[in-house]
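Asker: Spelled out from the first residue to the last, the chains are:
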Amino acid sequence: MNPWFLNFLEALLLIGIAPLVSTVLKNFKAVLQNRQGPGLLQSYRDLFKMFSKEPVLPHGVSWIFRLAPYTVFAATALACAIVPTILIQAPLSAAADVITLVGLFALARFFTALGAMDTGTAFGGMGASREMTFAALAEPAMLMGVFVLSLTAESTNLSTMMHIMLKGNLGLKPSLAFALTCLILIAIAETGRIPVDNPSTHLELTMVHEAMILEYSGRYLALIEWAKQMKLVLFATLLINLFAPWGIAEEISSNALIISLGTWIVKLLILLLILAILETSMAKMRIFRLPEYLGLAFLVAILGMLTHYILEPPL
Amino acid sequence: MNLLNLLLILPFLTGGVLSVIPSSRLAVKLNVAACSLTFIISLGLALEVLKRGTIQFDDHAFFLDPFNIFLVCLTTFVATTTSIFSGTYMLHEEEIGKVTSNQLRHYHAMYQLFIFGMLLALTTNNIGVLWIAMELATLATVLLVALYRTRSAISAAWKYFILCGMGIALALFGTILIFTTSSHVLGHSNEALTWTLLYPIADQLDSSVLTIAFVFLMVGYGTKVGLFPMHSWLPDAHAEGPTPISAVLSGLLLNVALYALVRCKTLVDGATQNGLAGYLMMGFGLLSVMIAALSLHRQKDIKRMFSFSSIEHMGLMTFSFGIGTFLANFAALLHMTVHSLVKSGIFFTVGHAAQSSKTQIMKKIRGLINLQPGVGVGLLTGTIAIAGFPPFGVFTSEFLLITAALETYPWTVGIILPSLVIAFAGLFRHLHPMVFGIPAREQKLLRVNMLPVYIHLGIALLLGIFIPKFLANWFQIAAELLSRGNV
Amino acid sequence: MDTKFIILAGPVLAILVPFASMVLSGRKEIRNLVTNLILVCSGIFSTVTGLTGLLSPSRTLILPLGLPWLPMHLRLDALGGFFMIVVGLMVVSVGIYSVGYLRNRERELNRTFLDLSMSLFIVGMQGILLADDAYTFMVFWEVMSVSSYFLVIFEHEKEANRKAGFLYLLMAHLGALFILSSFSILYAPGKSFEFEIMRSVQLEPIWASLAFVLAALGFGMKAGIVPLHVWLPEAHPVAPSNASALMSGVMIKVAIFGLLRVVWDLVGLDQAQAWWGGLLLMAGSSSALGGVLLALQQHNLKRLLAYHSVENIGIIFIGLGLAMVFAQFDNPQLAALGLVAALYHTINHALFKGLLFMGAGAILHATHQRNLEHLGGLIHRMPWTTILFLIGCLSISALPPFNGFVSEWLTFQAALMAPELTGSPLSALIPFSAAMLALAGALTATCFTKVFGIVFQGTPRTRSAADAHEVDGWMLTGMALPALLCILLGAFPVWVIPLIEKVPLLLLGTDMGSSTSNGGWLWLTPLSKERASYSPLIVLGTMLLAGVVAFMFYRRGRADRPAPIWSCGHPNLTSSMQYTAASFSQPLRQIFSTIYQPHEEVSRPDHRHPTDSGRVRYSVHVKDLAWVYIYHPIKHFIEWATRKMDWFQNHRIHGHLLLVFLTLIFLLGVLL
Amino acid sequence: MNSAEVLRQLSTVSASLFLLTSFALLAQRHMRAFLIWFSFQGILLGSLSAMVAYSTDSYELYVSAILAFFLKGILIPFLLWKIVIRLGVNREVETQINLFSTMLIGAILVLFSYYVSLPIQKTIMDMTRNIIAIGLACVLISMLIMITRRKAVTQVVGYLTLENSLFFTATAATHGMPLVVEIGVAFDVLIAVLIFGVFFFQIRKTFDSLDLRHLENKP
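Respectively, the protein sequence lines represent chains A, B, C and D. Using the working numbering, read the first sequence as starting at 127 and increasing by one per residue. Using the working numbering, read the second sequence as starting at 19 and increasing by one per residue. Using the working numbering, read the third sequence as starting at 364 and increasing by one per residue. Using the working numbering, read the fourth sequence as starting at 108 and increasing by one per residue.
Because the hints were derived from the structure by calculation, they are not lab data. Among the hints, erroneous ones may be present.
As the list claims (entries may be wrong) - Straight-line alpha carbon distances no greater than 20 angstroms define the calculated SDA-like cross-link-like pairs of lysine to any residue that follow:
no. : chain 1 : residue 1 : chain 2 : residue 2
1   : C       : 892       : A       : 129
2   : C       : 521       : B       : 47
3   : A       : 293       : C       : 893
Please construct the entire structure, taking both the sequences and the accompanying hints into account.
Answerer: Put into structure tokens, the structure is as follows:
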């Protein structure tokens, strides 16, 4: 089978599965909080409803307000395409390495913020301000975290990195532990989960992401929501395939692919469960404690890098 | 009756004539004519030197070598342009009744006498006559400084008189000391005071006597050059005298004094062989640069400020001559030229600025570039030139000077560079509000003659872009001569 | 082509401008057109010159000017050529822009003066790039400084502008003196100012280091490295916008050129020492972070852009530092990578910063407002300017697939090669630089979200913003050119980098190895295909594709229905209720309060009930620590010293006589 | 050659006399005595150069002797006295610091100048060295006079004393400078005195006092 085609399928898989994943997460939480969770297809129904609804557009907004959702969606979709999920040698992942991945997230965020500022309400501005502020701390932290890996793998290409993590007899590498911690912290922040942001709140004082998309409706809202769900899956996949890539398919053969798909789903479920437990057991932190949280992530990453230089001379 | 005698006699006679001509307009014209004539004569002499190299006149009484000939030309040239400027300026002063026509008569006579003094000092071959000429020039300028008869003018002139009188007396003592030892070698006669004869036998002179002598000469002529700490007459004299006089004081007299000092230094170095004279000059130079740079900031009177800048530049030249390598001497000579051109040009502009705003207090001079674009631009350009920005010649000389310093005594650069920057800051912090912004109400437009300024700045610009072959040649010979220490 | 023509065409044309301006002073419209078009031609010529310099072997030219024994040496080589292209491109676009910008403004500005300063400024920059001896270099350098100073104080009626001009000229002078002494050090061993000889001579390590430090100080001062940057945010904003586009876009790049010329070319990396690169790295990191942090808190648009110049220069310096370090640990190919990254960012920054400054000029032209808080909603009134400005914002925020991202990507790649230099303290310094770089990039994105959101989106905050108008075609064209180049440089780095590689070929004797193109024309692989690859075209294409698909797929949905904005039930929503620039940057102000030391003032009418606050005025000022800890102390010290000087003046005659007397006694006593 | 011996004796004597006059001038309180001592110094100078002229029968020196005698000994003091009378300042001469310490400083200066002139080699006859030392001392002392006196007139006298001591050195150490120089210097001095005269009246007119304290313009 043509790897390009496979890669395309992977992308579609991630994009398509994203709503389901978020529903699963909701269900896990519901079980933990012994509530009745939503049906597994709920997110799809929501998306469909929103798409078919007539979108309401505030007065005096510009084309940017309309453009933003599409850009966000496109950027995230591309991100999905470049992260190897099932097959390690995804050709598209050569088109954009991990730095570009971060860049794509930044692009999406940039346009979300612009869309928010377009209406000229206080909410939009507030949301954008907070989102960009925290992003400004989260993004470098994420880069640093990934760099620790790329230093070990001597590459910034995702497939190469995963390959090294899979094959390379790494022995004991403390820096990887740092990287993992950092990336988990960042993943929570970037996907806007508790304790950083509460996806299901509309309380003015605490909103970050929600405040930005307050004015959106109809298909625009749908695209943004969908992109957000994709982001969750993306980060999950990233964590999985970077730190526990066992079982991922290295050559194109049906059983290898099936095995790797299976392992991927299992790991994903475990990760979601952990996330659900975290979210249930924690409370959202005050908005101005966030900088410390992100600063911590940043610091951890830099520590990781230093340990790499000091404790792990190149082989 | 050769050209040189003509050069000397002309200003002398003109001075005599001018002292009896009542009509000031005629006097102005005559003044300009005489000056330009002397300039032409000096050009003729320059041509001769160009052809024949060092010339001596009236058996050893006078001599011209590449070192003093260009100073002669410079002197006569600046004297000419200044006389043109002073025409417009002094006539205006007379209109507004600051000077009577009688005083104006004195002014013109003294002006010529002053030029005579300087030319004599430059061309003579005799240390004693050099001293007399310096004294003459001093006395003439003392009267010129006192021209306005105001309290401040009188006291400034008095200060100038006493300080320079004492200084120059010390210089005479130095001269006498030189004579005491040289008369043993060359016999008790004029030969014993003749540069051209002294240089070759410098090594036979008693070094310890010459050392004492140089101390006196240094302090004496140094007072005239305006070196710290003997400088305090200079700002007053510049500020209180008529502006044309400030121009020639800064542009010419200081040069002549420095010329005398450098001649003595070469002689003494020849005798003592222990570069002591050089160290003295470097020390005084550095000190003056530093102090002047710092003093610039606190000035209120525009002419005082620029006179401090003159002290700074004199310090630079003295320092550079003190280093005494070929490059350093070249730099110093070039700096001498461009500085007198630019500084006198600046003083012309300052004169017009002060007249148009009826004060020399910088706080009251505002927005010249709006009031009188010519003056404003002139002042700005002049200051930029004197601050050492290319493509003006001052930059060239400072460039060479710093290089020379780095070659020989690198640590001095650590003093010079900050001083230059501080001096620059001092100049511009005052200049900015004067040139730019909105003019004050009482300032008024008046007819000015900016031609001399533009000529001067133009030449300075030219020297910055390229130096004509013959001039460069002279500088090289002169620098060579000074660095080797004998003719 | 004839060397003389190739080298001199651009400068000579530029020199013509003031004369043309004087001749045509009668016919305002024509003069405006002619002078600017001459500039455009000069720009085109220098671009061509630059290309020839890059592609053909270096050629020299000697003019009989300057010092008697030192005629003016000119030389066109790859290094000069590259920067010549930068200058040329910006001059072209600024020239076009100026036609519109200066039209109908004859009254308020003295045109001949402006033309004179502008042409001298451009000639100065071109001359520096061509100079082949120290004297020529210094002359053109100072010509550039002075003429740009005239541009800064051009609107001299304002007190602030005069102060800025003074500060600028002072710093420029200081910097020039540093450079001068660095040249003098290089002069000493070979006794010649010609670069040819300076290249060949060997210095003792101590002198080499001194020359390096002096050069770094001098050029860093011009480039605006923290903490030598203080003049930059003062001077750039107050110049006319077309001038500040050139100053911020090109002039500070010329400083980078100077550093490369002196340190890499003349001193030569063979004499370099390890800590030099470290110094550049530290300077770069501090500027990158400090610049963007201060930019975030500015409300004057042009001032904000100026601070971003500081940041970007920092990024360039990081690249240079990396290159230097790698060259030290003799790994020339990586050094080439670092250098290419730096140069790529140089040209990128020239483009987008020029674009942004021109955009700011357009806004100023349309609304007469500099302050962000007085703008808003311009997207509806200036649609084209908005699009071009947005491109600028995306590029400077280093977002893929624009050009800013490419250069930062390359810099990161270079930084990630740090393990190559084993067991050196520097290898621990590089991660910090990388971190600073990442942080700076993210903060830049934040800052430009603020700028774009506040200026162009929402609703107008003042009358003047409300009745703004779109600027004319000339200005739009002038801005469109760099915008287009931003996109192209972002999309086709694979074709640009081979050109830039000529410079490391000249300076380091090697390029990045043929690795750039081994991935084919589609892939940018600076090191190796496995190591790292980036294909801007695919990113661009895929995004467009995804966007289009999504759009086509869902356009069958229902049409949008306009409705009033939801305002928490507040009856009437006014434009003053929008988020302001100050409030946007408040969180960061709080996070980095130790660096900002913000000074807040809340003034409300007294004796009222706290809840019933009538008209509350809130203002906040942040400090620039460089002033607090470096410049004010120096200033005060010098003031103190000058006050001491009075002592020598306030004497009677007796005092002065006594001084002379004591001098005499002292000398006699000491010498004998 | 006892004439040379005599000459040496005489010049040493006159040198000490000259030093004495300088000290006397330094010590004077009263304007009249001050000027008298000054003229005495001039006469001493004239006679000294006459003696030198006689012993080394050089006619140039006679000229300078006469010049010195008439100018310095008679004319200038007389003019000054006239001025003093006209301006009515023939009162006590106030000094900056009290007389005793002035004298003390003077004494120290003499020692100092001896110390300074020690390194001069013997190549020149040692008498010259002593003369130079004394000349130096006189120069310094007359500078001291200029510094310590308040009145303009006394400052001028100080200046002239300085001039005198230069002449003395020239005459005693080297049998006088060449004629051109002598005459030139003499005329310069004369002009200087005239200018001083002009000044006194100017100062008088503008400040109605000759006290230099009024002469200061604080910048």
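Asker: Work down the list of hints and note, for each, if the structure agrees.
Answerer: Hints and how they fare:
For the proposed pair residue 892 of chain C and residue 129 of chain A, the alpha carbon gap of about 17 angstroms is at most 20 angstroms, so the pair holds. Taken as a hint, the residue 521 of chain C and residue 47 of chain B pair is broken in the structure, with Cα atoms around 44 angstroms apart against an allowance of 20 angstroms. Proximity of residue 293 of chain A to residue 893 of chain C is assessed by CA-CA distance (about 15 angstroms); at most 20 angstroms being required, the pair is judged to hold.
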